[in-house]
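If you're matching them up, the sequences are chains A and B in order.
Here full-length UniProt numbering is used: position 183 in the first sequence is 183, and no number is missing along the way.
Here full-length UniProt numbering is used: position 332 in the second sequence is 332, and no number is missing along the way.
By construction, these hints were calculated from the structure, which means they are not laboratory data.
Since this is a predicted model, take the numbers as computed values, not measurements.
Which copy is meant is left open, so a pair is good if it fits within one copy or across any two.
As a list, the in silico SDA-like pairs of lysine to any residue whose alpha-carbon atoms are at most 20 Å apart:
#1 Lys340 / Leu329
#2 Lys312 / Gly455
#3 Lys73 / Leu62
#4 Lys38 / Gln198
#5 Lys378 / Glu390
#6 Lys183 / Glu130
#7 Lys27 / Pro158
#8 Lys27 / Leu160
2 protein chains.
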Amino acid sequence: MRIIKYFFIFLISGLLSYAQTDEEVVKTIYNTSLTNGKSYEWLDYLSNTIGGRLSGSTNAQLAVDYTKSELEKLGLDKVWLQPVMVPKWVRGEKEMAYFQTEESFERINICALGGSIATPEGGAEAEVIEVSTYKDIATLGEEKVRGKIVFINRALQPELINTFEAYGGCSSERYRGAQEAAKYGAVGTIVRSLSSRQDDYPHTGSMSYGDLPVENRIPSAAISTNDAAKLSEALKKHPNLKFHFEQSCQQFDDVVSYNVIGEITGSQFPDEYILVGGHLDSWDLGDGAHDDGAGVVQSMDVLRLLKESGIKPKRSIRVVLFMNEENGLRGARKYAEVAKEKGENHIFALESDAGGFTPRGFSFNTNEANFNQVLKWKSLFKPYYIHYFELGGSGADVRPLQSEGNVVAGLRPDSQRYFDHHHAANDTFEHVNKRELELGAATMTSLVYLYDKYGVNPLPEQKKIKD
Amino acid sequence: MRIIKYFFIFLISGLLSYAQTDEEVVKTIYNTSLTNGKSYEWLDYLSNTIGGRLSGSTNAQLAVDYTKSELEKLGLDKVWLQPVMVPKWVRGEKEMAYFQTEESFERINICALGGSIATPEGGAEAEVIEVSTYKDIATLGEEKVRGKIVFINRALQPELINTFEAYGGCSSERYRGAQEAAKYGAVGTIVRSLSSRQDDYPHTGSMSYGDLPVENRIPSAAISTNDAAKLSEALKKHPNLKFHFEQSCQQFDDVVSYNVIGEITGSQFPDEYILVGGHLDSWDLGDGAHDDGAGVVQSMDVLRLLKESGIKPKRSIRVVLFMNEENGLRGARKYAEVAKEKGENHIFALESDAGGFTPRGFSFNTNEANFNQVLKWKSLFKPYYIHYFELGGSGADVRPLQSEGNVVAGLRPDSQRYFDHHHAANDTFEHVNKRELELGAATMTSLVYLYDKYGVNPLPEQKKIKD
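Isolated chain A (complex conformation) (with noise of 0.2 Å):
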C-alpha cells in the first residue's frame, strides 16, 4: 500500500510540474485568439453575406443558421436552437424628411424609431415645438402641443468619460418622447440621434408607447445630430417653419424566432454552468457589426478558442446567442425562464454587448465576496492592458440570470467610439479592427477559464452545508 501511495503523489506531483500556471494559460489563450481566431472571419460573414438581422427578418433567421451550422463544425457536446416568439416590426420604405423656410428647404436625415407607427397618408406635417427633454413637454401643456411636432433635442454630455452614462442620460426622450407627446395631443416626436459625434447618420432604437390606446398614438423618428443643430438653429429665426416627415414602419404580429446555444458539458461539475453570450438580432439600418455582432463572434469563439487552447472544461460552457436583446429582449426572458424550469445553475454569465473595441476589462453584478475572488486575478490581465475590473452594470440578455450568489457580467472594451455607430446605418464591418476584436475573444476566454477552473465563492449557507 506505501508504495501505491508514494506512486501516487509521485505522479500527481510529476502531473503538476508540467500544469501550466494562470500566466502560462491566459498568455496562451491571448496568442491563440492574435494568432487564430476566428471572430474576425465570422463577423465578416454575419455583417457583410447577411446584415442587418432585425428580429422577426429573414436576415435574422439566416443568423440563426449560419450560426448553427458554425458552432456544429466546433465539435461542440451540443448545439440547439431555442424556440421564442419575437415582435416583427418593419421599416418599409426609406423614410424622408424636410423643413422649409421663406429662405430654403432643407433636407433632413431621419429614420423610424423601432416600434414607432408610420405617418398618415402623405406624410406629417407641422410646426416644431422644440424641447430639451421630453419632461419638459408636460409644463408646456396642451396648448403649446396639440397639432404640432415635438422635436426633442437633447444632446449626450461630452464630459462623462464613459460614452454609456452619457447615452444612458438620454435613452429615456427616444424611449418615452412619443407617449408623452401624445398625451398633450402632438402630431409627432422628432428625437435627436443619440449619439456622441457631429454627423448626418440618424440612429434608431426603440420606444415604447407605453399603455397609449392605439388610436392615441403618433409616429416617432430620430433625425442626425448635425440636422438637429440647423432645425434648431433655424427655428430661432423661423419658429413658425413646417417640418414634414413621411415614415411607413409596421408592426406585425409575434413570429418564432431562436437563441442558438452551444455546449461544452463539463467533465467534473457538468451542472454548473458558465455562459458566455451576445445578441444575434441588430437594428437594420447598417450591419451591426457592432451591436452586437462583436459580442456574438467573440462568444463564439470563446468556446472555440478553450479547445484550441487544450483546455477541457470541469464546469460546463454554453454560448448563448440571444435573440431580440433591441426590441423586446424576449430571448433573454426564455433563456432566464427555461433555466430556471430546468434549475440550471449558472455560477457566471458574461455578455460582450458594447462594441467590438479594444477590450479595457469588466463590469460586474455579484457580491462582495465574488467580486473580492475577480479582483485577485486582475493582475493575470495586466500584460493584456485590461484594467478595468468595477462593480455595477452586466449585459441585458445576462441580468435576468443573476442570482444571490453568482456572478453576471459584461465585457467593457473602449467606449468613445462606440455610440458614433450606434443603432445607425454607418455600425459596419470596416468599422471594427481584427485585432480589437480578437483582444476581446481572447479576455472573455481568460475570464472564462478561471471561473471554470475555480468556480464562484460560495454563499455564507452553502458552504456550511459543503463543510
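Keeping the supplied structure of chain A fixed, place chain B upon it in accordance with the hints.
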C-alpha cells in the same frame, strides 16, 4: 506685528480653503478639453487644408506658418521659430509595379521608402529572391543575390499586445534592407509594409544606405501586406517570375525649416522648463493626421487648456512642434543643442507621437525617485481610465533632452490601430476620433499641471545643496 502676522495666516488659510484640490483641477481640465477643446479643429486644418508635411516641402512651411499664427492667437508670453536645416527628399511621380508569370499579370501597390534613390530609366526589373529578414541576405551570399530584387517579407508579430513592440521588431528590415542587399549585388529591395493589417496600402518610412558609396545604392520600396502575400504565393509556383517597379524619387540639398515654439513664462520658477510637443513634419502619402498631426494639436491645446482652466503656471511651459522627426530628427537635435547652450533646465518633457487614439497612460525615461513620484499621481487619472504608468520609452524628439535628474515621457494611446495607418495613404483625418483626441490633450495637460505644481524630485546632491 503680531496682528499683521495673524492677518497673513488668516489670509493664507482663507486662500487655501478656496484652492481647488488636484482632483478638481484635473476634472476641470478634462471637462474643458471635451466641451471646449480646440485640438480637433486645428487637426482638421492641418490635415485637410494643408495635408502631408514632408520636411523641406511647401506644405511643411505652410504648417510652420499656420501653427505659429495659431499659437500667437493664444496670448502666450512668447512665440518664435527656431531655424534648422533639414533634408529634402521628394517622391516624384506615383510609383508603379507589377509582376508577370505565364498565368497572369499582377499590379502591385508600392511606394518608395523615404531616402531611396529612383529606379533606372524604364524601371528596375529582375527575378526575386525572398527572405524573411535582411539578416538572411549575407547567408545567401552574392551568388544568389546578384542581379536580383531582394524581397524582405517579414510580418509584424500579431501576438505582441503592444503593436509598437511588433513594429520595433521589424523596422530594421525597412531601414537596413537596401544597404545589406546592395552589398551582395542586388538591383533593388522591396519590403513588406510594416502594418498590423492585411490590406492594399503600402507604408513608407525612412531607410538608410549607411556608408554605402553613392554608385552602389539601389532603389528600395515597400509593398502592401496583401501584395506581399500574393507575391510570396506566386514565387512558390513561379520562382523565376520577373518583378518590375518604377519610382522617380530624389534627394536634394538640405533646406532651412523651423521648430515652432510657444511659451507661457513661469511666475515663480521661470528657469525651470516643462515641454510638451509633437512633430510637425509627416510623411507625404496621407495627411499625417495620426502621425503626428494629433500630437501637434494636442500639445498646442495643452497650453490653451491650462489658460482656459484658469491655471497660472509657476514654471515655464513650452510647446515645441519639432521639424523633421520622420527622416532626420534634425529639429529635436537642434532644440536640445540650443537648450544645452543656454543651460535651460528642462525638468519634464512630454511627447505625443503615437496617434490620436484613446489615451491609456504614459511611459517614462527617468530615475527611480521621479518614477515613484509620478506613481503617486496615478490615482488622479483613474476616473479617466488612464492606467498605464511604466518605465521605458518616451519620444524620439524629447529623448535628447534627458538628463540624470529630469523626466522625459511619451503619451501612450491605445496602439491597436496605429500601424494600420502609420506612414500610409490612410493616415487621414477621418480616422481620428474627436473625443479620443481631446482625451489625450486633457491627459497631457493634467500631467503638465502636476509637474508644474510639484516639480520633479531633486537628485540627492541637489537636495543637499537645497537643504
